[in-house]
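A.B. asks: Using the sequences and the hints given, assemble the complete structure.
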Amino acid sequence: MTGNQRSKSFGPSRRNFLRNSAGAGLALAAGTRIRTARAAAEKVNFQLDWIPYGRHAPYYAALEKGFYSSRGLDVSIAQGRGTLQGIRTLIAGQSQFVFQDIGVMMAVRAKEHAQIKALACMYQKSPHTVFYIKGHGITKPKDLEGKRIAFSPGDSPKLMFPAFAKANGIDEAKVKWLSVDPNSKNAVLLNHSSDAMITYIFTLPVLQKAAQGGDVVETFVYSDYGADFYSDGIGAMEEYLKEKPEVARNFVQATMEGFKYAIEHPKEAIAMLKKHQPQLDEDTALKEIPLLRKLINYDHHDGPLGSVTEEKMKATQDLMIKYLGLKNPPPVAEMFTNRFLN
Amino acid sequence: MAAPSIGNNVETLPWIARVSRYLYPAVTAIIIFMIWEAVTRAGWVSSLILPAPSAIIATSFENFSLLMQMSGTTTAEFLLGFGLSVAIGLPLGALVVYSKPIELAIYPLLVAFQTLPKAAIAPIFIVWLGTGITSKVLIAFAIAFFPIVIDTVVGLRSAQPETIHLVRSMGGSPLQVFWYVRFPNALPAIFAGLKVASTLAVVGAIVGEFVSSDRGLGYLVLVANGELKTSLVFACVLMLTILGMVFYFLVEQLEGLVVRWHVSSRQIEAVGSY
Amino acid sequence: MTPAATAEPRRDAGAAQRNRFVHIQNVDKTYAGRGNALKAVDNVSLDLHEGEFLSVVGPSGCGKSTLMMMVAGLSPVSSGEIKIKGERVTKPYTDVGVVFQRDALLEWRTVLDNVLLQIDVRRLRRGDYEASAHTLLERVGLTDFENSYPWELSGGMRQRVSLCRGLIHNPSLLLMDEPFGALDALTREQMNLDLQTIWLETRKTMLFITHSIWEAIFLSDHVVVMTPRPGRIAAVIRIDLPRPRRLAVRETAEFGRYATLIREQFQAYGLLKEH
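Protein chains in written order, with my numbering: chain A, 1 to 342; chain B, 1 to 274; chain C, 1 to 275.
These are calculated hints, taken from the structure and not from any lab test. Honestly, I wouldn't trust all of these hints.
Heads up, simulated BS3-like pairs for lysine-lysine below, C-alpha to C-alpha not over 25 Å straight-line [to be verified]: (1) 229/B with 111/A; (2) 117/A with 229/B; (3) 100/B with 85/C; (4) 229/B with 174/A; (5) 229/B with 322/A; (6) 176/A with 100/B; (7) 327/A with 229/B; (8) 166/A with 229/B.
A few chain C residues that don't get close to chain B, going by computed Cβ distances all over 12 Å [what the hints assert, rightly or not]: (9) 42; (10) 51; (11) 86; (12) 93; (13) 118; (14) 251.
Predicted model only: the values in this text are computed from it and were never measured. Positions of the beta carbon are idealized from the N, C-alpha and C atoms, including for glycine.
C.D. replies: Written as structure tokens, this is what we have:
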């Protein structure tokens, strides 16, 4: 990954020459980490899936530790409000990279013919979870029939719910859906306005901490209940990748570096996140890091961290076809690439 | 007699002026739609972001009963919210005018409440009042009632002093002064407040639905948005616009009946043309 | 500042005493200002006899309107007392017809309904008064406009409606505060003639406030001249012109004498300075 380091401390003519001649091909072939002057940094918008929480610490670690800037990237991290909104910004060109659910990327690619590609997968197991409060009539997934579930429209847990439902014999028509603003979902569950709530497993520490009156928060994690698939990863448009492959490579590699750093140094990473999100509760945020570690298979991964296997990609697609009625599925091989991880 | 002739009817305008009143906006709208249709058909804009008008119309028809059902809920919410804001706003305005202690006590609170962004407190309303229709009605009320109070106060205070002296010299009680002079005189201002409130009530209902709901046009916007059904989103927005406009129009018609006498309602026949 | 009271003695002083319809005794009116109190009316005493037409003339701010408001009971006296028909005035006096300079018509009522407002507020039966309303409006030439709204009428027409409204309930006292002040000169003269005609028919007791010396002389039995603020009575001048007075009377020597008398009063108080 680190080849010859070309120092640019000479005069402008040398810098210009290097800039003009380097180009995409040279960088790709040499795998060089090019040190560019600050003025030449590539501006990149990276849209997250949600409001930044502990699970997003890696990206802020990458930012604060200079992993992006040292690769010539001026990255702006934007918080998101759900999968589909994020994917829209990608299609509209407002962001160059998104952190979103891969299954949904697949669905959008099939439906809208938008050429989105997954570059890495962070949540290698589905973190989608049904949260419920113990002792109120729910003990197994099928009990969700006839109950109210709070969800946020456009969210992948809702979009992927049919897979969970079919894997557990739940008649979806019997479920009562309650649309809730993302920020109010926790409150709505905890004050019993809804019987259950779907979001990512990461919310568990927050819910446990805020539960009142001795309520115990329980979970059905999709991947434990027959609906396992690739979830969130980094996505970008094909066209952009063709145009700026070296930027993509730098971005992906810097991000993975950030991941490693965050998992090895969780407290520091959370502190870096807190700089950008002052309202963050560090204790609950810290509890998300071990969950993150498991999801990205930190201790047991084959191939580079975050890489995607065709096999599981196919399994994810099959799930989309079988349970979500995905039509015109794109060829699996076109859906992802691991080439930027090396 | 030297009375100026003042016509109050559209029929007195020459026919071309009458037709152009509808013709100009209609033609403008058609041109905009044609450009919009062309741009989206040509694929310059992704249908995820902006669907073609033809697609929106088609979706509206396909989902007609769903749209009607959702409209019913939202309409109930903003009508009730508006009704509540009138029922509370008008008397409150009158109280502020007639009681100095109440004015001093309540006025600053009203202003403070009004400046509070309702989108910020809507989640709190939901927590207090649950996710059903009550919270939406109350959010709609909270947004809509201030203009009614203010305009009622201004209206009630704008009576010509001589008219009040006159009624008093006729032996009129304060209630009679209110009934014969202050209240009718206040109606133009009150209606101005009602018209503003009518649009705000719709906004309030949708804000409430956005925070949490299981039905209504706001709910449908979110869900359709979440399922990438952009045409349906626009169809909902279209429906909301129509509902809002119809409501406003109805209030305006009522105003026309009640307040025909006010200078703001009169149409003076154009002398000559330009 | 010496009042030159050149009023001629009443021929029937005794009877006048008994007919003392409106009795104003040592009336003051003081407005509490910011720090300084403002005295609008200073120790005014005046009697208005039944069936008499009395005008009060004076410069702006001399307190004549304030005086009328106190007679009407719409404004309390600061000291002194006002009695109408022997009863003290402590609240709005209702056996009265009031006409202000601003016609104060209700814009949302038709001309007829505006006249009948007098009846509605008093909770009398409309049916009993509709005929009078029609008659009064006919007298002032507004029959064709009975169902029109005030904004469809000119200023003079509106004031005529106001006049009808002041008469419909047959009050024993009429109070008019510069009723023709907002009208143009020609209309004003016409209104003076109309008012004279109506008054001659009904002989109501009239307190008439005006700026115009000529209007006062033309219409009245007595003209009271008030000083600039604080308003006091400078003179009470009896007008002995035969009625009905025609417009031409304004060109007579006698009229001129009265006018001179009043003008001299004003000039004695520093008004109408000639250069």
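A.B. asks: Take a quick look at whether residue 117/A and residue 229/B sit within 25 Å of each other, Cα to Cα.
C.D. replies: 22 Å, holds
A.B. asks: Would you check whether the claim that residue 118/C is not at the interface survives, using Cβ distances to chain B and the 12 Å cut-off?
C.D. replies: 6 Å, violated
A.B. asks: Was residue 86/C rightly flagged as not at the interface, with every chain B Cβ beyond 12 Å?
C.D. replies: 19 Å, holds
A.B. asks: Take the C-alpha atoms of residue 229/B and residue 174/A, compute the straight-line distance between them, and say whether it is at most 25 Å.
C.D. replies: 23 Å, holds
A.B. asks: Within 25 Å, alpha carbon to alpha carbon, are residue 229/B and residue 322/A?
C.D. replies: This hinted pair holds, its Cα atoms lying about 21 Å apart.
A.B. asks: Between residue 166/A and residue 229/B, does the CA-CA distance stay at or below 25 Å?
C.D. replies: 23 Å, holds
A.B. asks: Is residue 51/C truly not at the interface, in the sense that its beta carbon sits beyond 12 Å from all beta carbons of chain B?
C.D. replies: 21 Å, holds
A.B. asks: Closest CB-CB distance from residue 93/C to chain B, is it above 12 Å?
C.D. replies: 7 Å, violated
A.B. asks: Against chain B, does residue 251/C hold up as non-interface, every C-beta pair farther apart than 12 Å?
C.D. replies: 28 Å, holds
A.B. asks: Is residue 229/B within 25 Å of residue 111/A, Cα to Cα?
C.D. replies: It holds: about 11 Å lies between the C-alpha atoms, which stays within 25 Å.
A.B. asks: Need the status of pair residue 100/B, residue 85/C: alpha-carbon distance at most 25 Å?
C.D. replies: 37 Å, violated
A.B. asks: Residue 42/C: least C-beta distance to chain B exceeds 12 Å?
C.D. replies: 23 Å, holds
Hints 3, 6, 12 and 13 from the earlier list are contradicted by this structure; the remaining hints agree with it.
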